[in-house]
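Visitor: Here are the chains, one letter per residue:
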Amino acid sequence: MKHAISFILNQEEIQLTVDSHRTLLDVLRDDLGLTGAKQGCDTGECGACSVLLNGVVVNACMVLAPEADGAEILTVEGLADEEELHPLQRSFIDHHGVQCGYCAPGMLIAAKALLNRTSRPHEEEIREALVGNLCRCGAYPDIIKSIQVASRARR
Amino acid sequence: MHTFDYIRLHSLEEVAQHLAQGPGVRLMGGGNVLLLAIRRGEEAPQKVLDVKTIPELRDVRYHHNQGLKLGAAVPLQHLATGLEVRRHYPLLYQTAQKLASPQVRNRATIGGTLAWASPVSELAAPMLCYDTVCYLWSPRGRRDVPLHAFYLGDFRTVLMEDELITHVHLPPPPQRSHGVYLRQTVRHDGRRMIAATAVWAMRKQQNLTRWRIAVLGVDDRPKRIPEAEAALEGNPHPEDIQRALEIVQAHIHPQDVIYARADYRRVVLNALLQQGIHQVIHQLQSMRS
Numbered sequence: 001m002k003h004a005i006s007f008i009l010n011q012e013e014i015q016l017t018v019d020s021h022r023t024l025l026d027v028l029r030d031d032l033g034l035t036g037a038k039q040g041c042d043t044g045e046c047g048a049c050s051v052l053l054n055g056v057v058v059n060a061c062m063v064l065a066p067e068a069d070g071a072e073i074l075t076v077e078g079l080a081d082e083e084e085l086h087p088l089q090r091s092f093i094d095h096h097g098v099q100c101g102y103c104a105p106g107m108l109i110a111a112k113a114l115l116n117r118t119s120r121p122h123e124e125e126i127r128e129a130l131v132g133n134l135c136r137c138g139a140y141p142d143i144i145k146s147i148q149v150a151s152r153a154r155r
Numbered sequence: 156m157h158t159f160d161y162i163r164l165h166s167l168e169e170v171a172q173h174l175a176q177g178p179g180v181r182l183m184g185g186g187n188v189l190l191l192a193i194r195r196g197e198e199a200p201q202k203v204l205d206v207k208t209i210p211e212l213r214d215v216r217y218h219h220n221q222g223l224k225l226g227a228a229v230p231l232q233h234l235a236t237g238l239e240v241r242r243h244y245p246l247l248y249q250t251a252q253k254l255a256s257p258q259v260r261n262r263a264t265i266g267g268t269l270a271w272a273s274p275v276s277e278l279a280a281p282m283l284c285y286d287t288v289c290y291l292w293s294p295r296g297r298r299d300v301p302l303h304a305f306y307l308g309d310f311r312t313v314l315m316e317d318e319l320i321t322h323v324h325l326p327p328p329p330q331r332s333h334g335v336y337l338r339q340t341v342r343h344d345g346r347r348m349i350a351a352t353a354v355w356a357m358r359k360q361q362n363l364t365r366w367r368i369a370v371l372g373v374d375d376r377p378k379r380i381p382e383a384e385a386a387l388e389g390n391p392h393p394e395d396i397q398r399a400l401e402i403v404q405a406h407i408h409p410q411d412v413i414y415a416r417a418d419y420r421r422v423v424l425n426a427l428l429q430q431g432i433h434q435v436i437h438q439l440q441s442m443r444s
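Which chain is which? The protein sequence lines are P and F, in order. Everything in the first sequence is counted per the working numbering, starting at 1 for the first residue and increasing by one. Everything in the second sequence is counted per the working numbering, starting at 156 for the first residue and increasing by one.
Simulated from the structure, these hints should not be mistaken for laboratory data. It is possible that part of the hints are untrue.
Claimed, not checked - Below 20 Å or equal to it, Euclidean Cα-Cα: the simulated EDC-like pairs (lysine to aspartate or glutamate) are:
id, chain 1, residue 1, chain 2, residue 2
1, F, K202, F, E169
2, F, K253, P, D69
3, P, K2, F, D205
4, F, K253, P, E123
5, P, K145, P, E125
6, F, K359, F, E388
7, F, K253, P, E124
8, F, K202, P, D69
9, P, K2, F, D160
10, F, K253, F, E239
11, F, K202, P, D19
12, F, K253, P, E128
13, P, K145, P, D69
Modelling step: build the complete structure from the supplied sequences, incorporating the hints.
Guide: In structure tokens:
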């Protein structure tokens with residue numbers, strides 16, 4: 001079955017036709033060329049495909065594309081403001097939150113979801129917010145530090 | 156992935172119409188279980204019906220005389236953030252913080268999680284302690300089933316082919332009650348559970364009463380152990396606690412899994428239960444009478 005859907009992606013309106021069985025991740029990566037969200041485990045465990053769907057963090061591999069109809073979606077590509085990196089991105093660079101980088105887009109989106117609801121999270125809250133994001137380099141301490149510093153830098 | 160037709164539903168009548176068309180139709184809440192099963196080739200539905208868009212399944216209502224009524228399509232994240240949950244059902248609130256990950260909680264629904272009926276369903280533990288009742292609906296009518304009678308074991312429930320959970324109801328919580336949820340898992344997100352338990356009781360004058368003991372990972376379903384609850388009634392002495400622990404051991408049937416043998420799961424459950432019972436007693440006794 002085909003679905004004509006429209007949604008807001010990184011503040012831009014998108015209209016396209018998708019098959020029922022395709023995932024939001026498939027559409028982002030293959031149809032729209034946004035390869036920031038990664039296809040890691042494809043089972044909803046690793047968090048590498050995290051995106052914000054109507055303001056809350058979800059695994060895009062576990063969302064059907066037609067479910068995105070009418071939704072607002074933010075991917076890592078929409079974090080930066082024109083030329084300026086988002087404070088989280090800046091902080092990940094400054095504090096080595098990126099090692100191989102595969103998990104970074106998901107980590108950034110999960111961190112963004114956390115900062116949307118808690119402006120100054122303590123370490124335990126950051127750890128809980130990242131429980132669905134795996135980093136196989138084991139860069140967790142630097143990732144947590146990056147988020148802590150970014151949250152302090154925000155007004 | 157296997158192809159199917161995705162259909163958004165807007166009323167229970169629409170659910171009935173589709174289900175009446177025979178097999179090959181599956182209901183979807185958050186899709187965490189169904190989409191995985193389709194991807195693995197274990198399920199091949201022709202139609203996937205999204206029930207999250209049915210307005211009455213998104214209801215959340217709390218009233219101090221009537222308790223909490225939650226629609227089946229309410230996401231688990233609501234249980235980890237809702238003010239009425241935090242204030243009146245703290246055991247549910249605390250457990251919900253530990254359920255999987257934010258990504259999963261934002262999608263997974265209460266109804267879908269209960270209907271999946273996993274023996275390690277962490278949502279079930281606090282819900283069993285709060286005497287939750289499931290409202291089941293089919294074109295033939297509505298029936299109410301207490302959660303403890305909802306499970307049949309091995310991922311099976313009393314749900315008929317044409318039936319779905321529309322709501323769950325938690326009775327008003329008594330004053331001066333306390334519960335704890337304790338678990339031992341291999342992974343921090345709750346995967347690979349060895350054993351878990353929720354223990355709850357209330358204080359009435361000097362007595363500790365209405366004990367609830369729910370256990371996970373040690374049988375074919377999440378379950379309460381009413382015989383052990385009865386042994387704790389009143390003001391349990393160390394020998395009563397010991398007896399309750401022995402009764403629990405006699406009523407569970409843990410299985411060997413790759414990361415924990417059955418006898419280890421028994422020992423772990425025993426330790427968690429002992430800790431849980433003591434914590435509940437301590438909290439209730441330190442409340443002012």
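Visitor: Against each hint, give a clear statement of whether it holds in the structure.
Guide: Quick rundown of the hints versus the structure:
For the hint pairing F:K202 with F:E169, the CA-to-CA distance comes to about 13 Å; that is within 20 Å, so the pair holds. Taking the CA atoms of F:K253 and P:D69, the gap is near 30 Å; set against the 20 Å cutoff, the hint is violated. A distance of roughly 16 Å separates the Cα atoms of P:K2 and F:D205; the hinted pair therefore holds under the 20 Å criterion. As the CA atoms of F:K253 and P:E123 are separated by approximately 16 Å, the hinted pair is consistent with the 20 Å bound.
With a C-alpha separation of about 13 Å, the suggested pair P:K145 and P:E125 falls inside the 20 Å cut-off, and the hint holds. The suggested pairing of F:K359 with F:E388 holds, with an alpha-carbon distance near 11 Å, which does not exceed 20 Å. Between F:K253 and P:E124 the alpha-carbon distance is near 13 Å, which keeps this suggested pair within the 20 Å criterion. A hinted pair counts as satisfied when its Cα atoms are at most 20 Å apart, and F:K202 with P:D69 qualifies at roughly 18 Å.
Of the supplied pair hints, the one linking P:K2 and F:D160 holds, its CA atoms being roughly 8 Å apart against a limit of 20 Å. A threshold of 20 Å between alpha carbons decides the hint, and for F:K253 with F:E239 the separation of about 18 Å falls inside it, so the pair holds. At roughly 13 Å between alpha-carbon atoms, F:K202 and P:D19 fall within 20 Å of each other, so this suggested pair holds. Pair hint F:K253 plus P:E128 holds up; C-alpha atoms about 8 Å apart against a cutoff of 20 Å.
Taking the CA atoms of P:K145 and P:D69, the gap is near 36 Å; set against the 20 Å cutoff, the hint is violated.
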